[in-house]
Amino acid sequence: MADVLFTNVRIFDGSGDAPFTGELLVQGNRIVRVSRTGYGVRPPPVLGAQVIDGAGAFLMPGMVEAHTHFSWNDQPTLDAIQRMPPEEHILWCAEVAERYLDMGWTSCVGAAAAKPRLDVVIRNAINNGTIVGPRYLAASQEITVPGGLGDTTQPHLPQSEFAFGAIVSGAEEMRKCVRMFVKYGVDSIKLNLSGESITGMPGDMCQFTEVEIATAVEEAKSWGKRVAAHARSCNSIKRCVKHGIEVIYHASFTDTETLDLLEAHKKEHFIAPGLAWLINTSHHASEWGLTPEITRRMGYHRELDAAIESMQALRKRGVRILPGGDYGFAWTPHGTNAKDLEYFVKYVGMSTMEALLSATAWGGPMMRMGSDQLGKLKDGYLADLLLVDGDPLADITVLQDRSRLLAVMKDGVFHRAPEARVARSTRWAA
Amino acid sequence: MADTLFTNVRILDGTGQMPYTGSVLVQGNRIRQVGRSTAPISPGGATVIDGAGATLMPGMTEAHTHFSWNDAATLAGIQTMPLEEHVLWCAKVAKRYLEAGWTSCVGAACAKPRLDVVIRNAINAGQIPGPRYLAASQEITVLGGLGDETLSHLPFPEFSFGVNVSSADEMRKAVRLFLKYGVDSIKLNLSGDNFTPDSPAETTWMTDAEVEAAMHEVRIRGKRGTAHARSAASVKQALKHGIDVIYHASFSDTESLDMLEAAKDRVFVAPGIAILYAMLHEAEAYGITNAKAQAMGYQIEWDAAIESLKAMHKRGIRVLPGGDYGFAFTPHCQNARDLEFFVKYLGFTPMEAIRSATFYGGQIMMKPNELGLVKDGFLADLLLVDGDPLANVAILRDPKRLLAVMKDGVFAKSPEIAAQRRWERAA
Chain A
1 MADVLFTNVR IFDGSGDAPF TGELLVQGNR IVRVSRTGYG VRPPPVLGAQ
51 VIDGAGAFLM PGMVEAHTHF SWNDQPTLDA IQRMPPEEHI LWCAEVAERY
101 LDMGWTSCVG AAAAKPRLDV VIRNAINNGT IVGPRYLAAS QEITVPGGLG
151 DTTQPHLPQS EFAFGAIVSG AEEMRKCVRM FVKYGVDSIK LNLSGESITG
201 MPGDMCQFTE VEIATAVEEA KSWGKRVAAH ARSCNSIKRC VKHGIEVIYH
251 ASFTDTETLD LLEAHKKEHF IAPGLAWLIN TSHHASEWGL TPEITRRMGY
301 HRELDAAIES MQALRKRGVR ILPGGDYGFA WTPHGTNAKD LEYFVKYVGM
351 STMEALLSAT AWGGPMMRMG SDQLGKLKDG YLADLLLVDG DPLADITVLQ
401 DRSRLLAVMK DGVFHRAPEA RVARSTRWAA
Chain B
1001 MADTLFTNVR ILDGTGQMPY TGSVLVQGNR IRQVGRSTAP ISPGGATVID
1051 GAGATLMPGM TEAHTHFSWN DAATLAGIQT MPLEEHVLWC AKVAKRYLEA
1101 GWTSCVGAAC AKPRLDVVIR NAINAGQIPG PRYLAASQEI TVLGGLGDET
1151 LSHLPFPEFS FGVNVSSADE MRKAVRLFLK YGVDSIKLNL SGDNFTPDSP
1201 AETTWMTDAE VEAAMHEVRI RGKRGTAHAR SAASVKQALK HGIDVIYHAS
1251 FSDTESLDML EAAKDRVFVA PGIAILYAML HEAEAYGITN AKAQAMGYQI
1301 EWDAAIESLK AMHKRGIRVL PGGDYGFAFT PHCQNARDLE FFVKYLGFTP
1351 MEAIRSATFY GGQIMMKPNE LGLVKDGFLA DLLLVDGDPL ANVAILRDPK
1401 RLLAVMKDGV FAKSPEIAAQ RRWERAA
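Each protein sequence line maps, in turn, to chains A and B.
Just so it is clear: in the first sequence, position 98 is 98 by the numbering used here, and no numbers are missing.
Count along the second sequence from 1, then add 1000; that gives the number in the numbering used here.
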């Protein structure tokens, strides 16, 4: 793999400092040198590297999606996910994985797969070069209870294949289920601790017994796996803290006690609220029969208001809030995930700098790679980079536009190389 | 889709005439004009590819493709691959075939029920790159026959790459299931194979009632029957029941050759001789020494096959390349080696070998009037080859010599373009 030198770029390094004009050298899969240039500063010479003259474009770390469902298939119902046969489903996941990388998400944290092995197979296929995709942490299916979110079986069609979740009842069933996913090779176990309004059990209700949760966490941790939870309700968030469930998805409903608890344990948890789902389900799903009147009745408007309030409070208390979540429905199609950053600025009160840091600097620990490998542009870090036409600090929405992402590099290799000026007449010489 | 003009190419058009210098204009997915002169066609808005004397020929057709064979050394090794990995494997192999110059492939059987259908659909939907493809069923076989990999204490059908039937009714049901899934062809294993010593190549085991039931269902839905048929008896059985695509046909007698000749306008033979050769001479690394291969009967079959296929070629029966690539000793994408074997052992001229991969390819793909030639109005499936395949057919399996591959008017492998040396980007 050829060395690459980016010259004449504005470097956003993920430290929180303002961007500076400089050069960045990639050797192999690592960033080896970041240097400032400017009037009177001569860049150190480099031999043998491919030179990319950025002409003032914005160079930033690749983004990390904290709540990814490759196997959600851009359909309007949960039922439609399971109507897809496994052969088509794996090809779909492969296609979506490439789309994420193409849109600048060089890392993704799997939040649940719709069939037992989809996430594991995709992660392995990315890692062995069979397919193209971001760095990936593979999740289990969502583990749930009969009648909970994820149980899409019907009374007359009770076969488990109809459900995108894995349904357990009792601590020993939970243990067996977790062990099966560990055997398959997942990186994380996903528990649905709260309900979800669209499924019948509202988001502010809780499912699972304490002993079921404790069993799952014990089993997962004994294998060194991470636990993540769908936790919308106040009580389910408290259970996450109590049981040491590291990744908290949604966290819509909070009270002072919950906020205090999260603040006290803020180094141990990540929050990915998935605001896109609440916003778009509430206001932009009429085309699929979910008019604002219906979603208001379902409770999504109330939850959206609560979630915004909770996230504003959590931000002020310094809890890590990350982008990503529940893209992969008809009204939140895969690849539009950078809208989360816009929502963070618009609704949560983040500065554009904070929003960018949430997608980059916090990505290293979120990917379980510590804080000295991934998520920043610094000497020795992995070379996951985006070259952006424009300034996301001035307009965070440029990251939603594929044509503004001039180049995407993962692990030192261009997934999408910057366009080169080529000779006008196409001519091949033998 | 941009139009493309190939100038300064030697056109090997597949009709049998010697190559000539000229230019070829592709508009949309069709060849619009073939110019027989050194003065090029006017490009209009087309991208001009100056071939600098390279050979332009029709894309090749593989007549006996198993995307789901996974380059393993054993038949059991195919089934140890889980479903999800198997689909991704097939997708990757499909892309490799296309890039290796096989712009069309005829599926000869897949290892799990829906693999071929799903891959064909994904190619046609533009989800994955791959050749034009006809999707096959699994191999339908009998208990203990080639394709039945179950063990007595592990009788589960998932262990087999084939589907076991016993009786005409079971056959009918199996065929209907595959037709429901959307296959283009039904594959029947009418004979054994020396790879499975308990059911060797010269055994023929399906009842006429079973074959008849299968072909009845196939005809009702307008699909095609294909057969694994190594023994002379199985070739005759295939012909008797109207099976058009005969794989292997190693053993023959005067009667079977006469029957083949009588049906030569509808029948295709794809012998797959690479695996016979590889088992005898190139499988030692996988535990199959020459002595062992001889004991399995491969020398006898090789000798018989050479004689049979030479006779078929003389009688004007269409013999096509392809077959049983996808084992450790016959890895995928070495398929053009079949053309070398045809020239070396079966008495084909290089021109005949190339026509068997191109002109006959359009016919076996059921598009005889629009695929397989470089001709006005034909589908733009083209290869740009560095060198003269008539002088050395072996160059067709060298990726470096395949300068470009076009399928349906779109480059699957683009010719390298002379670009400016320095990357420069203006934001």
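Derived by calculation from the structure, the hints in this document are not laboratory data.
Please read these numbers as outputs of a predicted model, since none were measured by experiment.
Yeah, the Cβ is synthetic: ideal placement off N, Cα and C, and Gly gets one too.
Some clues are possibly wrong.
Claimed, not checked - Which chain A residues face chain B? A few, computed with CB under 7 Å, are given here:
#1 ILE90
#2 LEU91
#3 GLU95
#4 GLU98
#5 ARG99
#6 ASN128
#7 GLY129
#8 VAL132
Here's how the hints hold up against the structure:
At a threshold of 7 Å, the smallest CB-CB gap from A:ILE90 to chain B is about 5 Å, leaving the interface hint in force. A hinted interface residue such as A:LEU91 counts as satisfied when its beta carbon comes closer than 7 Å to some beta carbon of chain B; here the least separation is about 5 Å, so the hint holds. Proximity of A:GLU95 to chain B holds as hinted, the smallest CB-CB distance being about 6 Å (cut-off 7 Å). Using the Cβ-Cβ criterion of 7 Å, the hint placing A:GLU98 at the interface with chain B is not satisfied: the shortest such distance is roughly 11 Å.
Because the closest C-beta pair between A:ARG99 and chain B is about 12 Å apart, greater than 7 Å, the hint is violated. Taken as an interface hint, A:ASN128 does not check out: its beta carbon lies about 10 Å from the nearest beta carbon of chain B, beyond 7 Å. Because the closest C-beta pair between A:GLY129 and chain B is about 9 Å apart, greater than 7 Å, the hint is violated. At a threshold of 7 Å, the smallest CB-CB gap from A:VAL132 to chain B is about 11 Å, leaving the interface hint violated.
When the structure is compared with the earlier hints, violations turn up for hints 4, 5, 6, 7 and 8 and for no others.
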